[in-house]
Amino acid sequence: MKRLLILGGGTAGTMMANKLAPVLEENEWQITLVDEYETHYYQPGFLFIPFGIYNKNDVIKPKRDFYPSNVEVIMEQVEVIKPKENQIVMKSGKVIGYDLMIIATGSKVHPEETEGLKEDGWYKNIFDFYTIEGAVALRNFLKYWEGGKMVLNIIEMPIKCPVAPLEFVFLADWWFTEQGIRDKVDIKYVTPLPGAFTKPIAAKFLGQFLEKKNIQIVPEFSTGRVDSENNKIISWDEREIDYDLLVTIPTNMGSEVIARSGMGDDLNFIPTDPHTLQSKDYENIFVIGDATDLPSSKAGSVAHFEADVLYENILRAVDGRPLKSAFDGHANCFIESGFNKGILIDFNYDVEPLPGKFPLPGVGPFSLLEETRMNHWGKMTFRWVYWNLLLKGAELPIEAQMTMAGKKRQ
Amino acid sequence: MAEKTLAGKTVQVDDEGFLVNPDDWTEDMAPELAKEIGIDELTDKHWEVIRFMRKDFAEKGQIPSIRRMKNAGGIPTKDLYAMFPEGPAKKAAYIAGLGKPHGCV
Ligand SMILES: Cc1cc2nc3c(=O)[nH]c(=O)nc-3n(C[C@H](O)[C@H](O)[C@H](O)COP(=O)(O)OP(=O)(O)OC[C@H]3O[C@@H](n4cnc5c(N)ncnc54)[C@H](O)[C@@H]3O)c2cc1C
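Taken in order, these protein sequences are the chains called S and B.
Read left to right, the first sequence gives residues 1 to 410 (the UniProt record's numbering).
Read left to right, the second sequence gives residues 1 to 105 (the UniProt record's numbering).
Hint data in this document are derived by calculation from the structure and do not stem from the laboratory.
Keep in mind that a hint or two might mislead.
Calculated lysine-lysine pairs in the BS3-like style (CA-CA distance at most 30 Å, straight line) [said to hold, decoys possible]: (1) S:K84 to B:K55; (2) S:K149 to B:K60; (3) B:K60 to S:K82; (4) B:K100 to S:K408; (5) S:K232 to B:K55; (6) S:K82 to B:K55; (7) B:K100 to S:K407; (8) S:K232 to S:K184; (9) S:K160 to B:K100; (10) B:K78 to S:K188; (11) B:K91 to S:K280; (12) B:K60 to S:K232; (13) B:K45 to S:K160; (14) S:K108 to B:K90; (15) B:K100 to S:K108; (16) B:K70 to S:K160; (17) B:K60 to S:K108; (18) S:K124 to B:K55; (19) S:K199 to B:K60; (20) B:K90 to S:K188; (21) B:K4 to S:K160; (22) S:K108 to B:K4; (23) B:K91 to S:K82; (24) S:K199 to B:K91; (25) B:K91 to S:K232; (26) B:K70 to S:K280; (27) S:K84 to B:K60; (28) S:K280 to B:K4; (29) S:K232 to B:K90; (30) B:K4 to S:K199; (31) S:K204 to B:K91; (32) B:K55 to S:K280; (33) B:K91 to S:K160; (34) S:K199 to B:K9; (35) B:K70 to S:K118; (36) S:K188 to S:K149; (37) S:K188 to B:K4; (38) B:K100 to S:K118; (39) S:K199 to B:K45; (40) S:K199 to B:K78.
With the hints as extra help, turn the sequences into a complete structure.
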């Protein structure tokens, strides 16, 4: 028997298990999936927890509910990968060999990377919302906050779901308005980027929204340290910003097992071919989701488009055929903009987000780079789609590759 | 493609002035490139950064990030910002004759 090992059973690993289990020849291939935690978190839902729109129970389900029955599941931490020996070693010391491996170990936030961030102010008036603990603690803080200076700060790029911080300030503007304290809250959006987003047309469009909502953007601010005694963030070039409430997106890094195995870059992301998703260093290893070093967004939707391409390339690798260079960096993100409206962007490695209709050209129902109620509905429906279609590896009515149909060049 | 003359040699540059071919670069071009972006004098510490970047690029085929300069090159991030104000990754790559670092997403 040969073994296909899936390392990490979160969004991407679960999708791959569900796509491959029904088609790999059962008396030739054993699929084994390894993950260290039993609970699956719907991470996009973390955004809504601080505002009481979702609670903890709305974003969790047991991981095992989503794994196919013919997949061998091992719940234990992987200590180290030995890619030259085609083996992984578990925390208990147990060794597992593989013929093909898919790495889907994701990314996590690391507040301890920034001086002063995870000290006295942590979870008192400094919060993240990229973890369940942070999102819940922030909920409890916001419930009783009477206003002051709120600073949303992105420590450094890249981060997963690069639109989530924008969504957070849009929702905060709405929420403080609902609470009747918007006039008592000063909101600043502090980013290392030159504008509201990474690509120029969307940056301009989203920048106008910040302005309209009276949210001040502070661009090109790379945070060097936090002075939690005096409630200030300080940039590497010694600029200072005061806060009463700091909502931070800490440094995002790939899993520590990648560092322990010497397989990653300086942020533990794995060098990956941007079009085939094969590891650049090892022929029988493939990488998907947040774990890659690709210049695409780190998002569940991206993992979904990657999964379509990787599915085909795994079958090609099994058959000893050349791989397809089919991944184009396609990303599709709903941006919640507050007051029950949303914005949608669709883009890839080469084409930045453009206005238009999606997925049906000229029809929609969603509108690209435009604020509509239908887009908000799309965002809220994503949770159902995630649990019921996406994780199960089902086909969605959207091609893996981005299309220009329905988009307008500017 | 635009061209410009540096240290007596004509080289190809992109529309922002970054060298297109890192192999065209020689050390005597660095002071001129630095002046173009407002750095009047290259100190020994500047040269330590430039030489590390050239070496790392030759070995890895990628322009080192600020984090990599700290981890692998032992160059404190704070010093980088002091030496190459407002965007050290971009400015240092400019002077070292490497292309423009990939923007993030
Ligand atoms: C606040 C927030 C909002 C977001 N909003 C959106 C959105 O609106 N739309 C969207 O598309 N995406 C969104 N995302 C991003 C999306 O959630 C991620 O990109 C996606 O979950 C990545 O999937 P993954 O499989 O790569 O990683 P994960 O789902 O994180 O899975 C990684 C798995 O690997 C396991 N693992 C890691 N190391 C080990 C080890 N050593 N041993 C064993 N197991 C290990 C982990 O336990 C985990 O289960 C958001 C994320 C956040 C945080």
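Here is what the structure says about each hint:
Taking the CA atoms of K84 (chain S) and K55 (chain B), the gap is about 27 Å. The hint holds against a cut of 30 Å. For the proposed pair K149 (chain S) and K60 (chain B), the alpha carbon gap of about 44 Å is over 30 Å, so the pair is violated. For the hint linking K60 (chain B) to K82 (chain S), the alpha-carbon distance of about 22 Å falls within 30 Å, and the restraint holds. At most 30 Å may separate the alpha-carbon atoms for a hinted pair to count; K100 (chain B) and K408 (chain S) meet this at roughly 28 Å.
A distance of roughly 37 Å separates the Cα atoms of K232 (chain S) and K55 (chain B); the hinted pair therefore is violated under the 30 Å criterion. For the hint pairing K82 (chain S) with K55 (chain B), the CA-to-CA distance comes to about 28 Å; that is within 30 Å, so the pair holds. Between K100 (chain B) and K407 (chain S), the direct Cα distance comes to roughly 29 Å. Compliance with the 30 Å bound is thereby established for this hinted pair. For the proposed pair K232 (chain S) and K184 (chain S), the alpha carbon gap of about 19 Å is at most 30 Å, so the pair holds.
For the hint linking K160 (chain S) to K100 (chain B), the alpha-carbon distance of about 23 Å falls within 30 Å, and the restraint holds. In summary, the hint linking K78 (chain B) to K188 (chain S) is supported, as the alpha carbons are separated by about 24 Å, within the 30 Å threshold. Using a Cα cut-off of 30 Å, the hinted pair K91 (chain B) and K280 (chain S) holds, with the two alpha carbons roughly 29 Å apart. The straight-line distance between the Cα atoms of K60 (chain B) and K232 (chain S) is roughly 38 Å, outside the 30 Å bound, and the hint therefore fails.
Between K45 (chain B) and K160 (chain S) the CA atoms are separated by roughly 34 Å; this puts the pair beyond 30 Å, and the hint is violated. This hinted pair checks out: K108 (chain S) and K90 (chain B) have alpha carbons roughly 26 Å apart, not beyond 30 Å. Of the pairs offered as hints, the one joining K100 (chain B) and K108 (chain S) holds, with about 28 Å between alpha carbons and a cut-off of 30 Å not exceeded. A hinted pair counts as satisfied when its Cα atoms are at most 30 Å apart, and K70 (chain B) with K160 (chain S) qualifies at roughly 23 Å.
Taking the CA atoms of K60 (chain B) and K108 (chain S), the gap is about 25 Å. The hint holds against a cut of 30 Å. Proximity of K124 (chain S) to K55 (chain B) is assessed by CA-CA distance (about 45 Å); at most 30 Å being required, the pair is judged violated. Among the hinted pairs, K199 (chain S) with K60 (chain B) is consistent with the structure: their alpha-carbon atoms are about 27 Å apart, no more than 30 Å. With a CA separation close to 26 Å, the supplied pair K90 (chain B) and K188 (chain S) stays within the 30 Å bound.
Between K4 (chain B) and K160 (chain S) the CA atoms are separated by roughly 39 Å; this puts the pair beyond 30 Å, and the hint is violated. Straight-line distance between C-alpha atoms of K108 (chain S) and K4 (chain B) comes to about 44 Å, which puts the hinted pair past the 30 Å bound. Straight-line distance between C-alpha atoms of K91 (chain B) and K82 (chain S) comes to about 38 Å, which puts the hinted pair past the 30 Å bound. A threshold of 30 Å between alpha carbons decides the hint, and for K199 (chain S) with K91 (chain B) the separation of about 20 Å falls inside it, so the pair holds.
Distance restraint check for K91 (chain B) and K232 (chain S): the Cα-Cα separation of roughly 27 Å lies within the 30 Å cut-off, and the hinted pair is therefore satisfied. The suggested pairing of K70 (chain B) with K280 (chain S) holds, with an alpha-carbon distance near 24 Å, which does not exceed 30 Å. Taken as a hint, the K84 (chain S) and K60 (chain B) pair is honoured in the structure, with Cα atoms around 20 Å apart against an allowance of 30 Å. Restraint check for K280 (chain S) and K4 (chain B): the C-alpha separation of about 36 Å exceeds 30 Å, so the hint is violated.
Between the alpha carbons of K232 (chain S) and K90 (chain B) the distance comes to roughly 27 Å, so the proposed pair stays at or under 30 Å and holds. Of the supplied pair hints, the one linking K4 (chain B) and K199 (chain S) holds, its CA atoms being roughly 29 Å apart against a limit of 30 Å. At roughly 24 Å between alpha-carbon atoms, K204 (chain S) and K91 (chain B) fall within 30 Å of each other, so this suggested pair holds. For the hint pairing K55 (chain B) with K280 (chain S), the CA-to-CA distance comes to about 21 Å; that is within 30 Å, so the pair holds.
The suggested pairing of K91 (chain B) with K160 (chain S) holds, with an alpha-carbon distance near 26 Å, which does not exceed 30 Å. A threshold of 30 Å between alpha carbons decides the hint, and for K199 (chain S) with K9 (chain B) the separation of about 35 Å lies outside it, so the pair is violated. The hinted pair formed by K70 (chain B) and K118 (chain S) meets the criterion: a straight-line CA distance of about 21 Å does not exceed 30 Å. At most 30 Å may separate the alpha-carbon atoms for a hinted pair to count; K188 (chain S) and K149 (chain S) meet this at roughly 8 Å.
Our distance criterion of 30 Å between C-alpha atoms is broken by K188 (chain S) and K4 (chain B), whose separation comes to about 42 Å. Of the pairs offered as hints, the one joining K100 (chain B) and K118 (chain S) is violated, with about 33 Å between alpha carbons and a cut-off of 30 Å exceeded. For the suggested pair K199 (chain S) and K45 (chain B), the alpha carbons sit about 34 Å apart, so the restraint of at most 30 Å is broken. Proposed proximity of K199 (chain S) and K78 (chain B) is supported: the alpha carbons are some 27 Å apart, at most 30 Å.
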